Each structure stands twice: as C-alpha cells, then as structure tokens.
Amino acid sequence: MHDMLKITMGKGGKIKKTHLMYKANLSHKQMTLYLNELIKNKLLEDELSENKHLICITKKGRDFSIKYAQVKEFEKTFGL
Amino acid sequence: MKIVFTPDWFLNSDVLIGVVSFIVLFLFFLFAIKSYNLNKKKSILYLGIGFLLIALGELSAVLTKLVLYYNTEITQEIGRAIINSQIINSVDIFYYVGFFFNRFLTLLGLYLIYMIPSSKKKSIDFFFKAYLIFIVALLSNSLYYFYNLTALILLILIINNYYCVYKKEKIANTKILIVAFSLLAISHAIFLLSKLNYIYVTAQSIQLVSYIILFVLIIRILKNGKKTKQDGYNARHVKNHHGKGWKN
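The listed protein sequences derive, respectively, from chains A and B.
To convert, note that position 59 of the first sequence is 59 in this note's numbering; the numbers rise steadily by one, no gaps.
To convert, note that position 74 of the second sequence is 74 in this note's numbering; the numbers rise steadily by one, no gaps.
Keep in mind that the hints were calculated from the coordinates and are not lab data.
Computed from a predicted model, the values in this text were never measured in an experiment.
Any given hint could be a false lead.
Stated by the list, open to error - Taking lysine-lysine and the DSBU-like style, the derived pairs with C-alpha atoms no more than 35 Å apart in a straight line are:
1. K42/B <-> K40/A
2. K42/B <-> K170/B
3. K60/A <-> K170/B
All chains should be built: construct the whole structure from the sequences, respecting the hints.
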C-alpha cells in the first residue's frame with residue numbers, strides 16, 4: 001500500500017488507475033482492495049477530471065508516506 | 001577518594017557534552033517510539049527503551065555534575081551539612097548514587113540494544129543479566145574501570161551485530177552507526193586511563209564526536225525518508241530505473 005502512495009506521489013500526486021495498477025505490479029482485484037482501504041483511510045481519493053477517473057493523494061497520504069519511509073529507513077539502519 | 005577526573009577548565013564543557021549526549025539519545029528514543037506507533041514492532045520498542053535508559057543515565061550524570069561542579073543551593077546545603085555534622089560519608093553517598101544510576105542505566109541500555117537481534121529472549125535471563133549489571137555498576141563506585149570495561153565489551157558486541165547487518169545489506173546509514181558506536185567504544189577504552197586529566201578530556205571529546213555523528217544519522221534518516229517520496233518507481237521490483245536490473 002505504501003508503494004501505491006509512493007507511486008502516486010512520484011507522478012505529481014495524480015495518476016490514472018490503470019497506470020497505478022501496472023506500476024505497483026498488482027492485479028485488478030488486489031488494487032481494488034488496497035485502493036478502497038487507502039480511500040477509506042483518506043490517504044488517497046478518487047477524482048473525476050475531464051471525464052477521467054484519477055487517483056489523487058491527500059495531504060494525510062503525503063504525510064503518512066513520508067513518515068512511513070522514515071520509519072523504514074530507521075528500521076533498515078538498525079537491521080530490525 | 002576522587003569521584004570525577006575532570007580538570008577545572010573542562011567543567012563547563014563536561015556538562016555540555018552530557019547535555020548534548022542526552023538530547024541525541026532522547027531523539028533516538030522519540031524516533032523509535034514514533035516508529036513503534038506505526039508498525040508495532042517490539043524490536044523497535046526495545047531499541048527505544050535502550051536509548052531512553054542511556055539517555056536517563058546521561059541525565060543522571062549531568063545532574064550530579066551540576067551539583068558537584070557549581071555552587072548551587074544543594075551544594076551549599078551539603079557544604080553546611082559537612083561543616084555542622086562532619087557527615088562526609090553520607091555526602092559521598094549522594095554523589096555515588098548519582099553516578100551509580102549513570103552507570104547502571106547506561107550499561108542496561110547498552111545490554112538491551114545488544115540483545116535486540118537475539119532470537120532467544122527469556123525474561124528470566126534478562127533479569128539475571130540486569131542483576132549482574134547492577135553489581136558491576138555498584139562495584140564501579142570504588143573500581144571505576146569496571147564500568148568502562150563492561151561498556152566497552154557491550155559496545156564491541158553491538159558493533160559486531162551492526163557489522164553483520166552492514167555486511168548483509170550494505171546500507172550507508174548502518175556504516176555511520178558503526179562509526180559512531182566505534183568512537184563511543186574508543187572513548188570508553190580511553191576512559192580506562194582517565195586518572196590523567198588530559199586523557200579524560202580526550203575521551204569526552206571523542207564521545208562528543210560520536211554523539212554528533214549519531215545526530216547526523218538522525219538527520220540523514222529523516223532526509224532519506226523524504227527523498228524516497230520523489231521516486232515514483234516501485235521499490236519492491238526495480239533495482240534501478242535506468243534499465244540495468246530487476247529485483248524480486
């Protein structure tokens with residue numbers, strides 16, 4: 001799920017659903033499951049722009065992603 | 001008997017180094033707790049507690065040194081007590097208790113950090129070793145080098161743990177961690193000879209450098225965490241995004 005947030009951030013905060021699915025290397029079923037969870041927790045949101053569905057990262061999602069990456073870095077440093 | 005080996009001109013710096021050490025160690029504790037709140041990994045919690053214990057040990061030393069070095073009200077009270085009732089021994093106890101907590105908490109913290117990668121954690125085993133550390137800290141009041149020698153051994157074991165992590169993962173931050181702990185170990189080795197003033201100053205200065213390196217490490221971890229967000233590529237599968245290799 002963190003990968004999905006990271007990929008969305010890497011694409012400037014907005015990404016097409018299909019692009020996200022391929023970049024995160026997920027099946028449609030997996031992506032729907034994770035996406036619903038992320039939207040439910042207000043980390044991502046579904047936006048309709050020019051008749052296209054785009055996945056956007058929220059401020060909460062950005063903050064969470066940064067915090068998560070820092071924790072991962074901390075864990076890796078200490079080999080935990 | 002002499003309680004501390006600090007030369008007079010180094011008193012301020014001595015306390016300042018203690019304060020810097022406390023702040024850095026406390027930052028590690030805060031970071032570990034923040035990480036634990038996110039992923040609930042017990043090993044991170046133990047690491048945080050380890051850093052907290054060492055931080056409290058430093059704080060104990062700083063407070064004792066403040067009373068010992070400066071003309072505070074407590075010092076004056078103690079001075080009056082000496083003059084009035086000749087209770088020098090009980091005054092000694094005040095300093096001994098302060099430095100005892102410094103030694104006991106530091107050794108316990110180091111032991112906890114050393115124990116983290118071990119798969120067999122038995123609480124009874126931990127309490128027995130905590131008791132041994134208590135004895136070492138107690139003995140160190142009269143034989144100061146017991147503390148430095150035990151800290152040195154624990155630090156060498158910790159460095160070995162992190163060296164194994166570095167060999168496996170080749171992470172630059174782990175290398176920095178090894179350098180910081182190695183300097184801390186060197187400072188304890190030098191402290192073994194700290195009856196000589198200038199050697200004490202050298203050891204404290206090395207200790208300061210090691211804590212500054214640990215502080216740099218915290219900044220690097222925070223910065224690297226922020227940097228990761230710029231990378232839109234899938235970290236699980238892409239070795240590098242210039243097309244050189246794929247990793248599962």
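Checked against the structure, which of the hints given earlier come out wrong? none
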